[in-house]
Amino acid sequence: MMKMSEGVEELFNGMFLLKSKLKQPKFDSSVDYRTKKGDRTKFEYATLKAIEEAIREAAQTSESGIDFQQEVINENNSLSVNTIIYHKSGQWVLHGPFTFPTSGQNPQGLGSLSTYARRYALSAAFGIAADKDDDGQAANETQKERQKNTQPTQSDNQKEIETLIAKYRTYLLENNRDLNELNQYIIKKENVARIEQVDRVRVMGYYKAFAMKQKETNETIAKQPEQESAQQPVQTELDGIRWGQRK
1 MMKMSEGVEE LFNGMFLLKS KLKQPKFDSS VDYRTKKGDR TKFEYATLKA IEEAIREAAQ
61 TSESGIDFQQ EVINENNSLS VNTIIYHKSG QWVLHGPFTF PTSGQNPQGL GSLSTYARRY
121 ALSAAFGIAA DKDDDGQAAN ETQKERQKNT QPTQSDNQKE IETLIAKYRT YLLENNRDLN
181 ELNQYIIKKE NVARIEQVDR VRVMGYYKAF AMKQKETNET IAKQPEQESA QQPVQTELDG
241 IRWGQRK
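According to full-length UniProt numbering, the sequence shown holds residues 1 to 247 in order.
Among the hints, erroneous ones may be present.
Stated by the list, open to error - Subject to a maximum C-alpha distance of 27 Å in a straight line, what follows is the list of computed DSS-like cross-link-like pairs (lysine-lysine): (1) Lys167 with Lys189; (2) Lys223 with Lys88; (3) Lys21 with Lys189.
What the hints assert, rightly or not - Label-pair restraints from in silico Cβ distances: (4) Thr220 with Leu110: 49 to 55 Å; (5) Gln197 with Lys132: 37 to 43 Å; (6) Arg40 with Lys3: 29 to 35 Å; (7) Ile187 with Gly109: 46 to 52 Å; (8) Pro101 with Lys132: 21 to 27 Å; (9) Thr170 with Ser5: 19 to 25 Å; (10) Pro101 with Lys42: 25 to 31 Å; (11) Thr170 with Arg202: 18 to 24 Å; (12) Glu6 with Arg200: 19 to 25 Å; (13) Tyr185 with Asn77: 45 to 51 Å; (14) Asn191 with Thr170: 37 to 43 Å; (15) Asn183 with Glu6: 34 to 40 Å; (16) Glu181 with Gly90: 35 to 41 Å; (17) Ala129 with Arg194: 49 to 55 Å.
Since the hints were derived computationally from the structure, they do not count as laboratory data.
For each residue, glycine too, the CB sits at the ideal point set by N, CA and C.
Construct the complete structure from the given sequences, taking the supplied hints into account.
Here is the structure:
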């Protein structure tokens with residue numbers, strides 16, 4: 001599930017700057033284990049501290065105005081983590097909650113689970129690889145074992161994003177907006193060749209901004225005398241897109 005402030009364009013621009021400087025955190029910890037075949041091997045991963053430092057270093061270097069905070073809630077035999085990314089403008093996006101079962105966990109186990117949950121949620125929010133991927137079967141076995149019964153399903157989060165995109169697209173189509181024109185605006189802003197290359201969270205943010213601008217324009221036109229509403233729509237801060245009644 002994802003929530004966000006009314007406006008997110010400055011935040012997304014800040015995230016673009018941050019990610020341009022974001023380096024893969026060092027895999028600064030490891031776990032030795034035995035595979036099902038009986039071989040000894042090592043599973044390497046980036047700790048929560050390494051991930052936090054990588055993000056904050058990139059935020060400072062890029063002057064992105066981005067920071068984050070996490071909240072952990074332990075109730076009803078589950079532990080939930082929310083990650084809030086916010087911009088100096090006051091705009092924000094909340095990722096979560098990511099929920100993990102806690103049945104049978106002692107205090108020490110809860111502490112370890114809390115750290116793992118925060119690490120997982122933070123790396124997901126910023127698109128960071130938290131585990132070393134060597135494409136080996138052994139590593140896959142270890143990762144599955146470590147995350148068994150703890151890792152939340154990302155499909156629900158993705159479905160929420162796609163549902164919101166569809167909602168905003170439908171509203172814009174009902175107002176006779178040209179979705180190709182809007183997609184070209186996104187492509188230009190993101191400096192990519194195709195809309196498919198843009199992260200879906202960012203696409204959702206753009207479409208939300210488009211829908212809000214259309215709603216604002218509709219309300220303004222409704223308040224104007226009939227003769228004024230027939231005038232050409234004015235240029236807005238969304239470069240190259242004119243908002244108003246479409247024939």
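Results of checking the hints against the structure:
Proximity of Lys167 to Lys189 is assessed by CA-CA distance (about 22 Å); at most 27 Å being required, the pair is judged to hold. Taking the CA atoms of Lys223 and Lys88, the gap is about 34 Å. The hint is violated against a cut of 27 Å. The straight-line distance between the Cα atoms of Lys21 and Lys189 is roughly 18 Å, inside the 27 Å bound, and the hint therefore holds. At roughly 53 Å, the beta-carbon separation of Thr220 and Leu110 lies within the given 49 to 55 Å, and the hint holds.
Between Gln197 and Lys132 the Cβ separation comes to about 26 Å, which falls outside the hinted range of 37 to 43 Å. The given range of 29 to 35 Å is broken by Arg40 and Lys3, whose C-beta atoms sit roughly 45 Å from each other. The supplied range of 46 to 52 Å is met by Ile187 and Gly109, whose beta-carbon atoms lie about 47 Å from each other. Separated by about 26 Å at the C-beta atoms, Pro101 and Lys132 satisfy the suggested range of 21 to 27 Å.
Roughly 22 Å separates the CB atoms of Thr170 and Ser5, a value that falls within the hinted 19 to 25 Å. Distance hint for Pro101 and Lys42: a CB-CB separation of about 27 Å, consistent with the stated range 25 to 31 Å. Thr170 and Arg202 have their C-beta atoms about 19 Å apart, which keeps the hinted 18 to 24 Å range intact. Between Glu6 and Arg200 the CB atoms are about 20 Å apart, so this pair conforms to the stated range of 19 to 25 Å.
Separated by about 46 Å at the C-beta atoms, Tyr185 and Asn77 satisfy the suggested range of 45 to 51 Å. Our hint of 37 to 43 Å for Asn191 and Thr170 is violated, since their Cβ atoms are close to 28 Å apart. Evaluation of the 34 to 40 Å hint for Asn183 and Glu6 yields a failure: the beta carbon distance comes to about 23 Å. Between Glu181 and Gly90 the CB atoms are about 29 Å apart, so this pair departs from the stated range of 35 to 41 Å.
Take Ala129 and Arg194: their Cβ atoms lie about 24 Å apart, and the range 49 to 55 Å is violated.
The structure does not agree with the numbered hints 2, 5, 6, 14, 15, 16, 17 stated previously, though it agrees with the rest.
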